[in-house]
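Read off the chains here:
There are 4 protein chains.
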Amino acid sequence: MATYLAKPDNLQTPVSASDIVRFGVIGYGYWGPNVVRNLDQLDRSRVVAVSDKSSSALKRVAKSYPHVTVSSDSAEIISSPEIDAIAVVTPVWTHYELTKAALENGKHVFVEKPFTTDARQAEELIDLAARKNLKIMVDHTFLFTGAVKKIQQLLEQGTLGKLYYYDSTRVNLGLFQHDVNVLWDLAPHDLSIMDFLIKESPEAIVATGQTHLNGLEDVAFITVYFPDKMIAHLNVNWLSPVKVRTTLIGGEKKMLVWNDLEADEKIKVYDRGVSVTSREGLYNLLVNYRSGDMWAPQIEQVEALHQELAYFVDCITKDETPMNDGKAGLRVVKMLEAATKSLRQRGALVYL
Amino acid sequence: MATYLAKPDNLQTPVSASDIVRFGVIGYGYWGPNVVRNLDQLDRSRVVAVSDKSSSALKRVAKSYPHVTVSSDSAEIISSPEIDAIAVVTPVWTHYELTKAALENGKHVFVEKPFTTDARQAEELIDLAARKNLKIMVDHTFLFTGAVKKIQQLLEQGTLGKLYYYDSTRVNLGLFQHDVNVLWDLAPHDLSIMDFLIKESPEAIVATGQTHLNGLEDVAFITVYFPDKMIAHLNVNWLSPVKVRTTLIGGEKKMLVWNDLEADEKIKVYDRGVSVTSREGLYNLLVNYRSGDMWAPQIEQVEALHQELAYFVDCITKDETPMNDGKAGLRVVKMLEAATKSLRQRGALVYL
Amino acid sequence: MATYLAKPDNLQTPVSASDIVRFGVIGYGYWGPNVVRNLDQLDRSRVVAVSDKSSSALKRVAKSYPHVTVSSDSAEIISSPEIDAIAVVTPVWTHYELTKAALENGKHVFVEKPFTTDARQAEELIDLAARKNLKIMVDHTFLFTGAVKKIQQLLEQGTLGKLYYYDSTRVNLGLFQHDVNVLWDLAPHDLSIMDFLIKESPEAIVATGQTHLNGLEDVAFITVYFPDKMIAHLNVNWLSPVKVRTTLIGGEKKMLVWNDLEADEKIKVYDRGVSVTSREGLYNLLVNYRSGDMWAPQIEQVEALHQELAYFVDCITKDETPMNDGKAGLRVVKMLEAATKSLRQRGALVYL
Amino acid sequence: MATYLAKPDNLQTPVSASDIVRFGVIGYGYWGPNVVRNLDQLDRSRVVAVSDKSSSALKRVAKSYPHVTVSSDSAEIISSPEIDAIAVVTPVWTHYELTKAALENGKHVFVEKPFTTDARQAEELIDLAARKNLKIMVDHTFLFTGAVKKIQQLLEQGTLGKLYYYDSTRVNLGLFQHDVNVLWDLAPHDLSIMDFLIKESPEAIVATGQTHLNGLEDVAFITVYFPDKMIAHLNVNWLSPVKVRTTLIGGEKKMLVWNDLEADEKIKVYDRGVSVTSREGLYNLLVNYRSGDMWAPQIEQVEALHQELAYFVDCITKDETPMNDGKAGLRVVKMLEAATKSLRQRGALVYL
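Protein chains in written order, with numbering that gives the first Met the number 0: chain S, 0 to 351; chain E, 0 to 351; chain C, 0 to 351; chain R, 0 to 351.
Chain S extracted, bound-state conformation:
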């Protein structure tokens, strides 16, 4: 990568696969330490510098990673010629500015989800990266978990048949955010997973919810209409006494339950379903239930973030477009925007 950055006039040449991608990480709060640890462990990447506003955060970096430069000024890192890629691990309202500056300085960007606070920003960043031939990867970490990969396989193989619904419950106590409501905090997980799993594009969104404490919605319910009678629903809540991470996916042939809190058996596939034999008129419909075995496939046990960052390094060195690129980030932001609009109008249907 060093040579790559030394030859800015030759952007089309992918870097040699043997090169190391040098990272600057901005933000060392809750998630930043995981990003730094994984980048540090990968063979093909190196963490050169970390910045954070908090001096105690920087002290923690210095203690764990004595070889890493620390700085309270992100601009230093963004402009450093020693750095090939920036990881933006900061609150969402800072993503646009930091990502833009990083791209303008010729850095690839790994950015937390949600990508930006609105679609316009996301589009601008996508364009800028394209012009500069730089990669954007939005941290849709769940796509790299064993569970989501297994579900994706099952869907691709047609195991579930035509999809009827996707219904996720993602509730727990806190953490309250100051800058985003529960929808922008928790729903990006589900929306990015749905964006990955469901081939059809969503048509419209209805969202309801309520604020109770600090003026931001802490409870929200989102319905997403897809073509061909597929429907999705999300239940996100910061005020639940118990943690729930359960998704039901119903298909014509089979149905599955994904309980992400189970240590083993995260995914259970049920050989259950309903079929209707139509005869003459409503009262002659014959509904047949099918009830059979349940099956819990072995799930790959991996640290998703590790795989995601390895994939990002690969995409950079091989000059390939990540599946969770800026466009994927934009699709999620568009759904969040639509849901917010609907929420403010108490469930008004908002087309995408």
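Everything labelled a hint here was simulated from the structure, so no lab data went into it. Note that the structure is a prediction, hence the values are computed from the model and not measured. Mixed in with the good hints, there may be bad ones.
A pair holds if it fits inside one copy or across any two, identical chains being indistinguishable in the list.
[To be verified] Below 27 Å or equal to it, Euclidean Cα-Cα: the simulated DSS-like pairs (lysine-lysine) are:
no.	residue 1	residue 2
1	K242	K228
2	K326	K161
3	K326	K99
4	K333	K161
5	K252	K242
6	K242	K161
7	K148	K62
8	K52	K161
9	K267	K252
10	K198	K326
11	K58	K340
12	K242	K267
Assemble chains E, C and R onto chain S, guided by the hints.
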């Protein structure tokens, strides 16, 4: 009761407490046998006659209850001078006609939920019963379970503090109905419980959902807006591979989880919550989390239907108005009507 | 059967299959009502008479089954020429006398488990029945559950491979018995299931336990040694705050967990195991773990007692020996005797 | 500590509280990295050197802790004047030699459980440490978990009343050990917890079990008899398809279930019990069941090893005897020896 019916000109006189209420039961399908069994076991009631369209159902009655008159014609039962009260245990579209006929024949009526298919019918029946000084009880069975009674106590004692939300998931595979969608089939349970537990009147409803098989919605999501930022949400689904009966209730002081499928420990009360200390401006809000013990109160183990029917007999003999009277039935029907209207308009806000 | 009883000199001739087996039931406490209900529902059996010491029990019989003769004197029933078979549903210390009298009066006997209080009694009854060409069936109800039948299939098909261990936990609060300890109360379930599932004969037993309240052991732990390194273990406890009904079965190829308290998914088969590659000496053993999918086969949903009684009626009318005959009952009693002996000697090894 | 070690003639003077305890760690396999990480994080301790036979282990140390000396020779570390205390994190058969050498070199010792392979060794080490005024702490980590501390409090406060039984199930798939059987591998956890929680001394042990694969028992069941009818039971198994970590503790007043695999609600206290009212003779005993609320106390969330090592550093600097000292280690070893002896004789009662 016999003397009571013999003196129609003296309706104001409550029957003597020693009297037996004589029942005719219309409908002996899924739920009817439970109604008959419980009425047969009560000291103060007697089942005189049962009617059903199905001859095999009537055979089953004759085998188990040789002393009971059976008939394929409900009109016979409704007009019988030997009968004081009618239990209407039939599909919802028949409730209005049967209840009306029963009331016109001077019978008290115990009727399955939902009360009627529209509010107008319910209002007409309420008026008719009032004019005739007859009781209507709508079979909101859940109000008589140990779990709902315990929750009601906790709310009344202020254990949970001001309510923030009520969130119920009621999903399973089937049973598909020919005449009602999943909303009219499953939501009456939750709506009647909410009507009982929540003192405030609901303001507006948003419902979304989808049909997949026979033209009736098999998946639906309902949000109910209450005054003062209380919000309720129901998730009902006939296409779930697993059965879920879980309600989260969040309050300012405590939160509870009611899992009706647990054998013991149906209700867990969590000493968890969030409070916000406001200082200056949004970024100075201080959110405090409280996490403490969990407590599962002992729940009364009773057959709810038994208690409900005993209460109905009491209301008749003591001339008292049941809490789950026609008006309670009407309130649930109004919510179902509003939800249906919203569902058909993909989430339009419908005021109540 | 009527003709059969009329021709005592012609015992070899099986009764015609179209005949009805007429039952007398002795004991109408906890389990008796289930026996009566099922015998009453079967096409090919009829309950003629029920006896119990308690007059309130007899009143309940009379209310539910007006056509059945009731009596406080079991001898009347045992000697009735109207009766072909006796169901002995009484405490264990009465089994021997009642069964003996029934056999002497030419009746087939269905008797609660454990069969008798000692092996000598069991042997005498088996001999008597053989001489009289009468059937004894010991009520090992669990053999007729969907779960045990499925496990038996899996074992027969070799799905689990060579068996390593069978480990059952059967604990709950009470019911304390006056006449038997927890071992004689709860262990017969497991011992009869093991007798059915495991082809090898047990070699020796070690039992430990403790009395705490009324002089009878309320906690007991039993180890059963089988040939070829198969080992079984039972944990029975009347003083557990929670109810547990879980059996682990480990085999060379696969392992299973049977949780009888699960509504669905009672049996989970795990594609997990361990194999050892032996090289030279202990420290060169190579242990290989295999971890794979889990699979929960669909279990037949039936009332086990219904199937068992239907099978008993079949065995009588077809003159066939039940699998859960007196000999099976004897094998269980021998294990109980050995366990009791070991328990009294604090774990002494008792050979079978 | 440096001054302390420089003044061996002045052993009575506790080191100043501001001193740092300098550690050498022997063994960097499965558990060693946790010991090193925690010692490194404590304010009052420092890891000076780590030894392991494996060069790849030493490479991992060097990468994570560049400031730590690594060595393949444990003798170097044991004799180093720069070191105050040795952590022995190696297989059990090496504990005696390494601990002895460390004590002889004037080092305090933190040693993995089980303490030694036999009681004689343990006694010798205890004597040696006493003569040298050095501390031994046996790593009974569980004593420092929030769950065990909470149970200890409940017992001390008399919440459960007189203890009836302690029943632990600790089963999972592997890991197979080459040098110890399942009893020496898994039972030390339970035996050390019991040693901590139960005030009475155990009287006798019965153990049964079986070898299946490599000549070492992989399934074992241990009964421990205590005075006054208290009984304990352990079920340990390396061949279970599922992981179970559940302990039932039954007392006269209340009973508790400790499920260590639960994220929250690890301990549930049940207001359930049984009492017997004695009248005249066995058949007049009156057993009363009490069934009430369940309560899950909030459990402290801490890393037990962190607390344990901080406590060890405290014991050294304040010259105090740890509760989990060599004598506690010895008591556990004696129970393991007795259990092994019983196991080899198929359940023979072995007195302690």
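Hints versus structure:
1. When the C-alpha separation of K242 and K228 is checked against a cutoff of 27 Å, the pair qualifies only between copies, where the shortest distance is 23 Å, while the shortest distance within a copy is 30 Å.
2. Within a single copy, K326 and K161 get their C-alpha atoms as close as 26 Å, which meets the 27 Å cut-off; across copies the closest is 43 Å, which misses it.
3. Taking CA atoms no more than 27 Å apart as the test, K326 paired with K99 passes inside one copy only; the shortest distance there is 15 Å, against 61 Å between copies.
4. Taking the shortest alpha-carbon separations for K333 and K161, only the intra-copy value of 25 Å comes in at or below 27 Å, while the best inter-copy value is 35 Å.
5. In this homomeric assembly, K252 and K242 come within 27 Å of each other (Cα to Cα) only across copies, at 18 Å, whereas the closest approach inside a single copy is 30 Å.
6. Taking the shortest Cα distances, K242 and K161 sit within 27 Å of each other only across copies (22 Å), while inside one copy they are farther apart (30 Å).
7. Neither within a single protomer nor between protomers do K148 and K62 lie at most 27 Å apart by alpha-carbon distance, with minima of 36 Å and 32 Å respectively.
8. When the C-alpha separation of K52 and K161 is checked against a cutoff of 27 Å, the pair qualifies neither within a copy, at 49 Å, nor between copies, at 39 Å.
9. With identical chains, the CA atoms of K267 and K252 are at most 27 Å apart both within one copy (14 Å) and between copies (22 Å).
10. In the homo-oligomer, the alpha carbons of K198 and K326 lie at most 27 Å apart inside one protomer (15 Å), although the nearest pairing across protomers, at 47 Å, exceeds that limit.
11. Taking the shortest alpha-carbon separations for K58 and K340, neither the intra-copy value of 41 Å nor the inter-copy value of 55 Å comes in at or below 27 Å.
12. Taking the closest pair of Cα atoms, K242 and K267 come within 27 Å of each other both inside a single copy (19 Å) and across two copies (14 Å).
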